[in-house]
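A.B. asks: Given next are the chains, with one letter for each unit.
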Amino acid sequence: MGKETLPFSQRLFRALVRVLPFDFRTNYEGEMEGVFRDQQREVDERGGVMGALKLWKETIVGIFTTAPREHWQILTSDCDYAFRMMRKNLGFTVVAVLTLALGIGANTAIFSVVHSVLLRPLPYPQGQQLIFIRQQEKKLGIEDWGFSVKEIEDYRAQNRSLAGLVEYHAMSFTLFGHGDPERVRTGVVSANYFDLFGVQPLLGRTFLPDDEKLGAPPVLLLSYEYWKNNFGSDPGIVGKTFEMNDKVHTVVGVLPPVPQYPNENDVYMATSACPYRSNKMHLEDRDMRMMEVFGRLKPGVTVAQANADVSTIAAGLKAAYPKSYPENVGFTSAVSPLQEELTHAARPTLLLLLGAAAFVLLIACANVANLTLARMARRERELAVRSALGAGRSRILRQLLTESFLLAIVGGILGLMLAYGSLELLTDFMGRLTPRAREIHIDSGVLLFTLAAALGTSIVFGTLSALFSRANLSSSLKEGSSGAGSSYQQNRMRSALIVCQIAFSFVLLIGAGLMLRSLIKMQQVDAGIVPQRVLAMRTAFNWSKYTTSDKTRVVIQKLLDRVKSQPGVLSAAISSRYPFEPEMITGGPESVSFSFQIEGRRLEPGQAPPVSTYAAVSPDYFKTLGIPLKAGRMLSETDSDDLKAPQVVLINEEAKRRFWPNEDPLGKRVSADGGEHWAAIVGIVGDVREFGLDHAPSPEFYGPQAQGPQPGNLIIRTAVEPQSMAQALTRAIHEVDSQTAVTHILTLEQARYESMASPRVTASLLGIFAALALVIATAGIGGIMALMVSQRVREIGIRIALGARPASILQMVLGQGMVLAVLGVGIGIAGAVALTGLVKSLLFEVPPTDVLTFSGVGLTLLAAAALASYLPARRAAAVDPNVALRAD
Amino acid sequence: MTKKRETESFLPLTPAMFHILLALADGEKHGYAILKEVARRTEDKVRLSAGTLYGNLSRLESAGLIAESDVRPDLVLDDERRRYYLLTEFGREVAVAEAQRMEEALGQARAKKLFRKPRLA
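Same order as they appear, the protein sequences are chains A and B. This note's numbering applies: residue 1 is where the first sequence begins, and numbers increase by one. This note's numbering applies: residue 1 is where the second sequence begins, and numbers increase by one.
Hints were generated in silico from the structure; no laboratory data involved. All C-beta atoms, glycine included, are put in the ideal place defined by N, C-alpha and C.
Computed list of lysine to aspartate or glutamate pairs in DMTMM-like fashion (alpha-carbon distance at most 25 angstroms, straight line): (1) Lys36/B / Glu33/A; (2) Lys840/A / Glu340/A; (3) Lys280/A / Asp641/A; (4) Lys36/B / Glu70/A; (5) Lys36/B / Glu29/A; (6) Lys45/B / Glu42/A; (7) Lys45/B / Asp44/A; (8) Lys57/A / Asp44/B; (9) Lys545/A / Asp180/A; (10) Lys54/A / Glu37/B; (11) Lys36/B / Glu45/A.
Here are some chain A residues pointing at chain B (derived, C-beta under 7 angstroms): (12) Tyr28; (13) Asp38; (14) Ile63; (15) Thr66.
Here are some chain B residues the structure puts well away from chain A; computed CB gaps all over 12 angstroms: (16) Glu8; (17) Pro15; (18) Phe90; (19) Glu93; (20) Val96; (21) Glu98; (22) Leu106; (23) Gln108; (24) Arg110; (25) Lys112.
Hey, can you work out the whole structure from these sequences and the hints?
C.D. replies: Below you can see the structure in the form of structure tokens.
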């Protein structure tokens with residue numbers, strides 16, 4: 001029967017049979033076809049469609065029930081065999097599994113962060129519709145100006161693209177009626193805030209429109225964590241009352257455990273309950289901006305459409321209220337997806353870390369492939385015997401892939417455990433970069449990723465080794481026992497893998513090295529203050545008691561006097577903020593910026609007014625922080641609120657450079673309210689890196705607390721270790737006013753340390769990855785050199801017998817190792833230079849091709865390679881020619 | 001003892017396996033002949049397809065219950081590609097053990113008077 005005349009039914013049968021394992025087919029396909037032909041002939045003879053249909057049905061069912069059983073059987077026997085081989089080569093197994101575990105674990109850990117923070121949608125229904133709206137003063141470089149009550153009303157009334165628009169601001173209030181007076185972080189929100197986010201209460205209700213009406217009885221929602229930690233998850237909490245801001249507040253509900261954006265709060269209140277938000281000034285003054293605004297897009301509306309919508313509203317506002325939106329500040333408004341808003345700060349770091357983790361996995365892969373190749377050399381005979389005994393080539397390939405997959409799976413499980421163990425640390429790290437950090441967890445997506453990583457890994461190194469078995473199977477039976485004939489080709493392959501490992505390690509080490517260098521540079525920067533032995537304490541009065549500036553001034557003075565009289569206090573000041581204050585590090589200079597005018601200077605039409613940051617400080621602020629006076633005088637007690645006393649400010653050197661580059665600013669006057677009030681510059685002080693060591697000092701104005709009280713922080717220079725005085729100082733504050741909440745007690749050194757958290761996190765994680773890479777690569781070099789030596793024992797023996805000195809043998813082996821290392825470093829340099837763009841934005845005063853880092857890393861790697869080659873080299877030099885030549 | 005245990009590890013056989021062993025009990029056969037014989041003897045109650053037949057043959061062969069025979073009964077008439085299978089000694093023991101197991105079960109069913117005796121007229 002010729003092939004060309006094969007009837008359709010036979011061809012179909014042949015196609016069906018293909019679902020059976022290859023070996024099964026090799027063995028039985030011909031016979032099966034024969035049987036099927038016979039059956040068909042019989043059916044044809046009898047005639048009838050039913051018979052034919054029945055035959056097909058039975059045949060199809062038969063093949064599809066047999067196939068899984070046969071595949072399963074092969075899999076179990078392969079696994080069985082693989083496990084036996086793994087046990088037999090325990091050393092290899094342990095090293096390979098650990099290497100893979102490190103590679104897969106690093107990737108799983110970082111991926112779980114990327115997945116939770118960047119990829120997963122926000123944990124709210126239709127989270128992609130949630131947006132953040134900001135008003136900007138483009139020309140002043142102010143990206144987020146905030147919103148006033150009037151503006152919120154306008155946007156709410158005029159927008160066409162939003163299904164809802166809500167406001168938010170965070171406050172800190174004192175809550176009475178639950179043990180000691182307690183400072184609670186309070187989110188002040190619109191009534192429909194939680195509806196907009198789609199959050200249902202766990203107990204009770206969320207806010208109703210009536211709660212937001214002015215004069216409505218104040219109500220509170222508790223966050224899940226606050227309810228759980230402070231009220232022991234009391235199910236009867238709804239209806240309980242507390243006193244805040246001199247008013248009775250009733251708890252109406254408890255929130256479910258959802259992540260809270262933009263800040264975590266203990267309680268939430270409606271806008272009307274906030275004493276600031278509901279005072280006349282805030283309600284009526286368009287320029288009193290302190291709110292953040294969120295919205296939900298109408299279904300089908302894009303972010304671009306919403307953007308166009310809000311900028312039209314902004315243009316309308318500008319036309320209607322020119323005084324509030326001067327032409328020269330570049331006022332506009334824009335929309336961005338909330339998800340982007342919450343994650344953009346973490347994105348570059350995360351992508352860098354993901355890349356670094358991928359490098360570690362590649363290095364691990366190359367290393368395990370190398371180990372496998374080395375083992376293949378020893379297994380060639382075993383495989384050749386199996387092949388001679390009838391195992392098909394694909395059968396052996398399948399066996400080898402099963403073995404590598406098992407290794408990868410065991411490595412993957414271990415890696416998953418590693419990742420799981422590191423989650424808490426990662427969450428802590430990431431908390432400094434994104435508010436989504438608390439969502440980090442390992443879910444099915446991450447598990448799938450780990451599985452894919454393990455599968456991909458095993459395919460890479462399994463195929464590599466299988467390819468080799470294919471190339472060498474036929475020859476190895478004829479060869480000597482060590483498979484020496486193929487070793488040249490194999491060694492070349494292994495050497496290439498080693499070079500890759502070194503190159504990848506080099507790139508990783510450069511990344512870590514650059515981050516470290518930049519961290520060190522940052523630490524060496526002169527911040528402009530003397531941070532040793534300075535304590536900062538956030539002090540918040542019960543504001544309902546201090547309703548006027550006069551009352552505030554009095555209590556501030558009392559407080560300072562009381563604190564200064566404490567033994568161990570060298571000086572004390574009160575200020576609106578202080579250098580490295582965590583809020584300033586996240587908020588940046590723009591959060592305390594204001595625009596002003598300089599007396600006698602006219603702006604060109606369209607020219608932006610000057611912008612500076614502002615802090616209200618008491619006279620001893622500079623003495624307490626060690627900020628030097630450069631010209632003029634310091635602030636003094638005479639700079640008071642007395643109407644006769646002139647308004648004064650100090651500026652820093654940067655402000656002089658920026659605004660009075662060629663003249664003496666002393667005596668010049670500036671105004672922040674369009675010329676209504678003028679303040680004279682009386683002194684120039686040194687620059688301070690207020691907003692982080694990596695932020696160049698910005699122009700700064702310091703006004704006296706007495707002429708505009710903005711208390712916030714107590715800054716104290718002590719004679720002893722400052723934290724040890726925290727308790728006594730808190731007591732002293734409470735003696736002045738027992739209702740004052742004292743929180744955020746931090747030494748300035750701690751604040752300085754914390755301010756570097758983000759670069760430190762990146763540097764440490766990169767450092768860990770780079771160290772892993774270095775260890776794996778070094779072990780790889782050592783391993784391959786040892787293998788090469790053991791393969792060449794005979795040759796080395798002959799050389800020694802012919803008179804080669806041990807030193808020259810040592811040199812030869814060492815040299816071979818170093819050639820690989822130098823090649824790897826060379827490729828690594830090229831790779832690192834090509835990838836500099838990735839880290840550039842994260843570096844501080846270190847060029848991405850920093851010579852010191854490159855040479856340091858290169859030398860480290862070469863030294864590690866030399867060390868790793870030295871041990872095998874010494875063994876080679878010690879070869880006894882008598883033993884070597886007699887062996888085998 | 002160990003042999004008995006080895007035999008018993010195969011019990012109970014699937015009907016298909018048992019009938020394949022039975023089909024080979026009276027001599028070597030090729031695949032199609034086994035399939036025909038089983039269908040005939042069970043009056044089509046046990047029907048094998050090409051897939052199930054060779055799946056079973058493969059398993060029986062690797063377990064050593066059957067083996068490929070090199071004897072070809074009629075070389076002239078026979079298709080060259082056909083392989084013949086024979087029952088091994090071990091296969092026979094397994095088949096016997098299975099038959100005994102069935103017999104025991106049958107005996108117990110009888111003892112419980114599961115079958116109603118036909119009444120004599």
